[in-house]
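Got two chains here, each in a separate frame; can you build the complex from them with the hints?
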Amino acid sequence: MLTLLFFETVHQLKLFARRPAAIFFVMVMPALLLVIFTEIFGNEEIAGQGITTAQLHTPTLAVFGAVMAAYTYLAIATATARDLGVLKRLRATPLPPLTDIAARIAAAGLIAIAAAAVVMACGMLLYSVLLQPEKLPAAILSLIVGILCFAALGMAVAALCRTAEAAQALANATILAVAFISDVFVRPQGRIPPWIDRMADVFPLKHLSLAFSDGFKPLLNGNGFAFAGDEATYAVGQPLLVMVLWGLGGAVVAYALFRWGRQ
Amino acid sequence: MSLIVVRNLRKSYGALVALDGISFDVERGETFALIGPDGAGKTTTLEILEGYRKRDAGDVLVGGLDPGLRSPRLYRGIGIVLQETALEPELTVKETVRGFSRYYPQALSVDRVLDFVALRRLERQRVAALSVGQKRRLEIALAVIGDPEVLLLDEPTAGLDPEARRNLWRVIAALNGEGKTILLSSSDMAEVEALAGRLAILLDGRILASGRPHELQRALGPEPTVELHLGGEALPRLFPQTLRAIARFERGWVRLECRDPGPVAYELLLWAVRNQYDLSSLTIARPSLEALYLKATRRDEQEAAC
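Which chain is which? The protein sequence lines are G and E, in order. Position 18 (the first sequence) corresponds to 17 in numbering that gives the first Met the number 0; numbering is contiguous. Position 112 (the second sequence) corresponds to 111 in numbering that gives the first Met the number 0; numbering is contiguous.
One chain only, chain E, in its complex shape (with noise of 0.2 angstroms):
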């Protein structure tokens, strides 16, 4: 059962189209990523989905409920981390979770709550002695104290270093693992690979392919890449004619992109087995998800300086 439903979302801001019609689902206990660059539409899609923006057409559903009425019922299932930090700095650490713990119904343990995101040390800490990751952490807290279904985080880990990044990774990861359900934005696929089990690509208001990373992988395309180390200036004069066609030269490597890498592999290892090459940096790859997003993302810019 999807507990969060988009269909043909649209969204003008005046004369800029932020969302283009996109639809997605995300299912129950699901991890679903939006990933794209800046601008691309994550937070207005995430926006419209917490009822804070009105959508301009098409249909939206979040545990079944329309967010643009905004009914308490919604706000009673949904917990949500802003791309901007929202806290009072005057505040403890405590105080902002117990605070927050009297909105809901069925409020969780505060201290159950700030184990679970590693802040319990700090529970008498202020807010505003707090470092950036450890108010993400906090934010975090914020998101689960109402034990809601759904859980909204645009970009959770944004300006973060790399280990307060994996801090929160491993957070998020026991959250899903706690059977919530949850739609995260992010500009880092590497952040998305170890999250989500599905995500879309967002490029200028449109999906540009969705999916679980491997299917992605097949989608987005190119085919996996035959790689040789051989050294000198260009292909040497003697290499196949059969594999030329296909064959790529830079810097002393050889670069051979092929559906099917078998045969490909086995003449350029025969070839180089007789004239002597070294074989040692040999290898045969997909392109990571990363450089595909990144080739994705760069293309459609290319295309729009034109």
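Chain G on its own, in the form it takes in the complex (with noise of 0.2 angstroms):
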């Protein structure tokens, strides 16, 4: 069961090898738009915070690139199998299809941290961005949580979609549009309207951002775990919340609506 579900991740992690496209947008765009924001913004201090902006925008990038791969690419490869007729074709085996799905949320899950690991490899090595070891742990768990949530959440997009195309168009302009609501391209410093704000709390993609970059904040206190934090203190509870209340729902409508077979 257990050696099953680690060939079928491996198998899953090869297809994602031999699609370049998915290459580029899971694991070069986020880093390129890293460097692309940084030269144009400078690498200044901001002011107040004590960091530069490949240090705040580093980890958001880091966080984006991971949901590029935990939700819009499971979306588009799991209905892309359905089209295909892989994914039926695979219930007339003895393959259990837990296992199946299992696999593909594992391999987009060790996708998204790589993708996360080559943007935060892109900030240490060309600006300098450091590391918090005392937050770190808060901050990994927190996108660990965050990549479960979007592969629940990027299951649902493939059981809503009839076609890989539809998926496809729906995991994008979903998440490019959450992802500049949500401040993880550029932060316009208290020039956001309120209620884009208000708004960009009630979807998961702004606590993950923050729950993951405010680990790299230096004037930040405590080590993360905490419920609820102030303006100065780092607290990964309440994000962690919200998100697993999304991926308690992406799961619920997955499981509910999924089919196997082309429509």
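A hint or two may mislead.
[What the hints assert, rightly or not] Subject to a maximum C-alpha distance of 27 angstroms in a straight line, what follows is the list of computed DSSO-like cross-link-like pairs (lysine-lysine):
# : chain 1 : residue 1 : chain 2 : residue 2
1 : E       : LYS93     : G       : LYS13
2 : G       : LYS87     : E       : LYS93
3 : E       : LYS53     : G       : LYS87
4 : G       : LYS13     : G       : LYS87
[Claimed, not checked] Label-pair distances were calculated between CB atoms; the ranges are:
# : chain 1 : residue 1 : chain 2 : residue 2 : range
5 : E       : ARG27     : G       : GLY248    : 46 to 52 angstroms
6 : E       : GLY38     : G       : ARG258    : 19 to 25 angstroms
7 : E       : ASP146    : G       : TRP259    : 23 to 29 angstroms
[Stated by the list, open to error] Examples of chain E residues toward chain G, derived with CB under 7 angstroms:
#  : residue
8  : ASP37
9  : ARG75
10 : ILE79
11 : ALA85
12 : GLU87
13 : ARG101
14 : TYR102
Honestly, the hints are just simulated from the structure, not real lab data. Positions of the beta carbon are idealized from the N, C-alpha and C atoms, including for glycine.
What follows is the structure in structure tokens.
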């Protein structure tokens, strides 16, 4: 059972490695955005935060890369396998359906961690981004919970869409819109209309982005393992709760609506 | 012993009756064919046997198991080829088969199976680069890799060119030779005659006739035909009165349908020799199963159109 899960995960990783477009959007583009943003905005210290632009953007773009893998790629790859008839064909083998789905999620999760690592490595090597060791465990936990949350939402997208084309459109449209309002790409200091901020609070991406990137801010107090902090404290509890709720919601939708065959 | 049993199987999609109570058995080691035009219910039947679709009524057993329960034991014992190709284009031939071999407790050797379907030479080729016929053979490899007793093949040769089709026939015949029990669907009578020991003609969700090819030929009907080319525009005035009742004349040919062709041919011969007709075109033949099948399905379409 575990051996099969391992081989199926490797199988899914192999498929990803042979899809150049997917590699570009998941592995290359987020790091490219980091370079472009830092070169355009300059790597100055942000007033009052004690960090550089790159120190701020590197973790949020790492989150973006992870979400591109766990959400967008998983949704498209799963819907593509369904379009090809592969999911249906596998249901007539002894491979348990749960192992099949678990392997797809495990592979997307590993790709997500790799995508985040690529952006973090670029930030550290090119722009001297610093890790905060005492905050790292909470940041990594947030990233992993966030990846699972977005994987569940990615499966929900695959379940909601009849074709891979539709899944691609829905996944990309939602993630880009939410990323822009969630300060993942740029953070115009204090110039965001409050209603946009409040809307972004509803979606899980801003919570994931903050929970992870606050772990790289030296001026915040604490190691993050607290439910809710104030302006000066790092706390991942509340963001984790929001992500878990979205993840459960996504899992319920995916479980209820998922179809194995072409439609 | 029957490895596949179907009794009074019914299935409707809304108001459309796809299967209107069909029954058949497939014996161990036999190749059985379901033949019929598109929409006759072949894929519905196979997908019920494969556990993909639920039946409305009737009994179905595959290897003694109810496929509606979708048990892992069922899927260890059957190998399938779906009507539409279902392969990952990014994988190589060998990776595809090796991947499937991990699902089965008693999988055959990947090399042996690739040899069997004549794809060993292409084992490093990406699936995307294979021809339609090669993809079909690869899917046969996936169907047999788990060494199943029963193979369910849904129009395996549809869309293949004649050579690829014959290659696939050889593979399917060899599988039957290895003792596999095969149920295949087809819309091509030549294919069914080449591969199947028994067949059932499926039309509008009903079995029109079933049995061995020669039995079907007798059951379906028309009698043997005596044919002779006479030329001319119509039956000659002197044509024997006794034969006129059963004679049809078309473009210079006279055709006589009769249960017992002996006396009819004798009388025709006597008359033709006496009147110095050329006898080189004389034939006595039973219509092919193909002709009977086409006639049967066409007749039904005509009735439906009325």
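Hints, verified against the model:
{"no.": "1", "hint": "E:LYS93 x G:LYS13", "result": "14 angstroms, holds"}
{"no.": "2", "hint": "G:LYS87 x E:LYS93", "result": "21 angstroms, holds"}
{"no.": "3", "hint": "E:LYS53 x G:LYS87", "result": "15 angstroms, holds"}
{"no.": "4", "hint": "G:LYS13 x G:LYS87", "result": "20 angstroms, holds"}
{"no.": "5", "hint": "E:ARG27 x G:GLY248: 46 to 52 angstroms", "result": "50 angstroms, holds"}
{"no.": "6", "hint": "E:GLY38 x G:ARG258: 19 to 25 angstroms", "result": "23 angstroms, holds"}
{"no.": "7", "hint": "E:ASP146 x G:TRP259: 23 to 29 angstroms", "result": "25 angstroms, holds"}
{"no.": "8", "hint": "ASP37", "result": "17 angstroms, violated"}
{"no.": "9", "hint": "ARG75", "result": "5 angstroms, holds"}
{"no.": "10", "hint": "ILE79", "result": "5 angstroms, holds"}
{"no.": "11", "hint": "ALA85", "result": "3 angstroms, holds"}
{"no.": "12", "hint": "GLU87", "result": "6 angstroms, holds"}
{"no.": "13", "hint": "ARG101", "result": "5 angstroms, holds"}
{"no.": "14", "hint": "TYR102", "result": "4 angstroms, holds"}
Checked against the numbered hints above, the structure breaks only hint 8 and satisfies the rest.
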